[in-house]
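Here the protein sequences come in this chain order: A and B.
The first sequence begins at 1 in this note's numbering and counts up by one.
The second sequence begins at 1001 in this note's numbering and counts up by one.
None of the hints are false.
Cβ-to-Cβ under 8 Å is the rule here; a few derived chain A residues that face chain B:
(1) Val158
(2) Thr161
(3) Arg172
(4) Arg180
(5) Gly192
(6) Val195
(7) Arg204
(8) Met212
Since the hints were made in silico from the structure, they are not lab data.
Positions of the beta carbon are idealized from the N, C-alpha and C atoms, including for glycine.
So the chains spell out like this:
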Amino acid sequence: MSRSRTIHPAAWWLWALLLAWATMRTSNPILLAVIAAVVGYVVVNRRSRAVWGSAFRIMLGLGVVTIAFTVLLQVVLGTRVPGHVLFRLPSWQLPSWTDGLSVGGPVTGEALLSAGTAGLRLAVLVLCFGAANSLAHPGRLLNLLPAALYELGVAAVVALTLVPQLAESIARVRRAQRLRGRSLTGIRSLRGLLVPVLEQSLERAITLAASMDSRGYGRSGAIDPRLRRLTRLVLLLGVCAALAGTFLVIDPARPHRLGVIALILGTALAVAASVWTGRQVHRTRYRRESWGRSDWLTVLPAVVTVCAYVIGHPHLGDNGAVAWQWPTLPLIPFLATLCAALPGAITPPTADPDDYESVPAMRSARVADDARPVMHT
Amino acid sequence: MIRFEQVSIRYAPELPDVLHNASLFVPEGELCLVVGATGSGKSTLLGAVNGLVPHFTGGVLTGRVLVDGRDTRDHPPRELADLVGVVGQDPYAGFVTDTVVDELAYTMESLAIPADSMRRRIEDVLDVLSLAPLRNRPLSSLSGGQAQRVAIGSVLTAHPKILVLDEPTSALDPASAEEVLAVLQRLVHDNNLTVLLAEHRLERVVQYADSVIWVPGAGSDGASPVHASPAEIMAVAPVYPPVVRLGRSQGWSPLPLSVRDARRQAIPLRDRLPAQPAPSSPPVQTPRPLAVVTRLDVSYGRRRALDRVDLVLRAGEIVALMGRNGAGKSTLFAALSGSVRPDAGRVRLFGTSTGTADADADADADADGMAPDRLRPRALIELIGLVPQQPGDLLYGDDVADECRIADRDSTVPPGTCAGLLAGIAGALDPSRHPRDLSEGERLALALAVVLTAGPALIALDEPTRGLDYVAKARLVTILRQLAGQGHGVVLATHDTELAAELADRVVVLADGAVVTDGPARQVLTQSPVFAPQIAKVLSPLPYLTVSDVTAGLVLAREDERIDAESTRPDR
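Chain A with its partners taken away, still in its complex shape (with noise of 0.2 Å):
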């Protein structure tokens, strides 16, 4: 077997990102299907075989639900759009300043036809970040940050894995009032729920910071710690002058020379301030992610489709009425987002094939060892 080099998780972020861009350029509802299609297809053979490589199906049914909202509301609550008309609800009219909302009344195709495409593009735009998230680990995504923002990017990996930890611990407590006798719906049952769980939470930090002091986490070598304080004070100053001076630049009544600036100034302090920081963090990495053959072959199929919407055919996105009519297919584009489907396939796979589904086999061949009779009985 030979080594399964994985995919840089930027590369799959990327990936990501450019169908995200195609999508937003159309609003033909069957590129945007073709789009899903192909992002699930990448999902199926591509994801991690980590907890994460789950998020794609709840981001598919967050999908779902989006399309079926839009409609929901276009058909109960929305602007009246003329066409053909396919049935009508009992409305209301809403006073004015609701500007041109109505409740009920006539629905037309077109209408549908538009909050369904909208739903869908929505819908699509969700499943791209639920393919990121499946394909790339969020916690390496998050190692490729600067040494400067490393203790950042520990907390946001141990507040990852403390959603699945937090959940469970609210059901097995909820579980555990049942047991008392109390009903699990009401103000008095919060406190049964909320203390347990708090405490746990509580318990579970103090455990994992106590296994990291141990395994040498900030360990600082011999730097000033006022020095370090100092660091980061200007970090701060840095990113707060930067923020204000963008806010300056894009706001057209403040004076814009002072926001450029400001913006300027204060990236050149926090570039500085995280350059000196990152140069005293002490430590390395083990997994180096490298750009490789493979992650190109990963990104340029859907360079070339987002080239084949914005240049190729830039009336896709042309966000107008939607005609009562079936949608035409666009050739090139739709060749171009199949494209995007070629790194599911070229790509070396993702996760080396020791699935770990085949344990209960591997255990119950454990059990006939063990059966064997080794006392005399």
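Mind docking chain B on chain A? Use the hints.
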């Protein structure tokens, strides 16, 4: 390697010493076992080795702790990470990353070890701990034994000279515990590691130890820890495994520490004992069932947790549910208490048909039983009382008295019922203490009292002896026997074979969600190599389970001899 010089530790100036005047020296390459009752300061002693006490926990340490020449006064835990590896009781709680390889690399990353040697060390550790097939697995998918081996591996990659383990096997089934202990022994033998290990279940570890530190605890005021050979400590310590108890009761010298030693010394004993132990007074077998499980299937997603389980639990009977971690014991309990809905098959509970809150619901209870997942919580607790694996899940009062008040109110019983039960179970317990500050044994007692308040017919305990010392365990045995004598049905899920041997009338073994064995405890426990208690292994093929069995058997043998002597005398 580890030197304690007159170390005393207290967590606040006004509190008594947790550890008093400890002077110890553990030489390089020794496997040293730390024993003591619950709350005696074992964890404090272990924490002091890498400076977690007092740098992380707070408190006052007087005296000096030297670890390979480094004084913990000047070296906080992170500066000792390259020297001391610490592994806790719950491996999952200490994991920082989410896959096996990343977890193994984490300590080395903190120590700034170059990537090339990191790669090499990870491969070494994967091989030493037989983790190679698991390398890319998410940590959440590991079994308990695997997770504990990963936790050990994650500190081994830093090449420490000392390994400190606080009850590493207490959450594991017997086979997984063997796995972890075998690894430890190999490390001590091949890698010259110094290991400091605290453990309640001495029957698992004492035979591997080179020396034992006995921590007498704060109760025995002024006593300081004693460090001596295992045999010396086992002769005097209040905590000892069954095999030592057998040796002590038979006056064997040298005292046997392992089953193998004891077997060799037990040859004359085996000859003297009658072929069948004295029948212990059989429990009053009321045929009335309290719970009937028929062809029960439960699945979580695609994974089948229970597979056509049939089980009947009767009043007055104590049943031990055994099996590997993840065999479905907890799921069966969840089904019994109606927390999961069966995919197929059914669970029926039958209460004691005396007056309850649901008079009309009770009418058909006798005929058909009640499905726990359809019952209102209030009605459920009169049928089954379940103490979950973490008793703390149940507790949320401000103090013990508050907890008892809530329990009385929830079960609509006269005030003081729960407090009375608690006094019967745990003795005098300070009512103003917070449930979280109680010891494991006291917390279990409180949870049991809370659950008993509603007067459930069936009592279920999930893994009750986790973290309990032998004294607390003996107390639990007495209480559960009493409850069974009063006509309660008792079912407990446990990995503790010694507890099952002491307590159970019947043993049910689950594997991969299916019942593989269901039979009288004596028969099941003596016939299984994994679940056999120490005494059964020593006296095999005789079906004796406990030391009290042996004592009773000897009395029987003596009587037989006397009768024989009397009957042969007139013949002469």
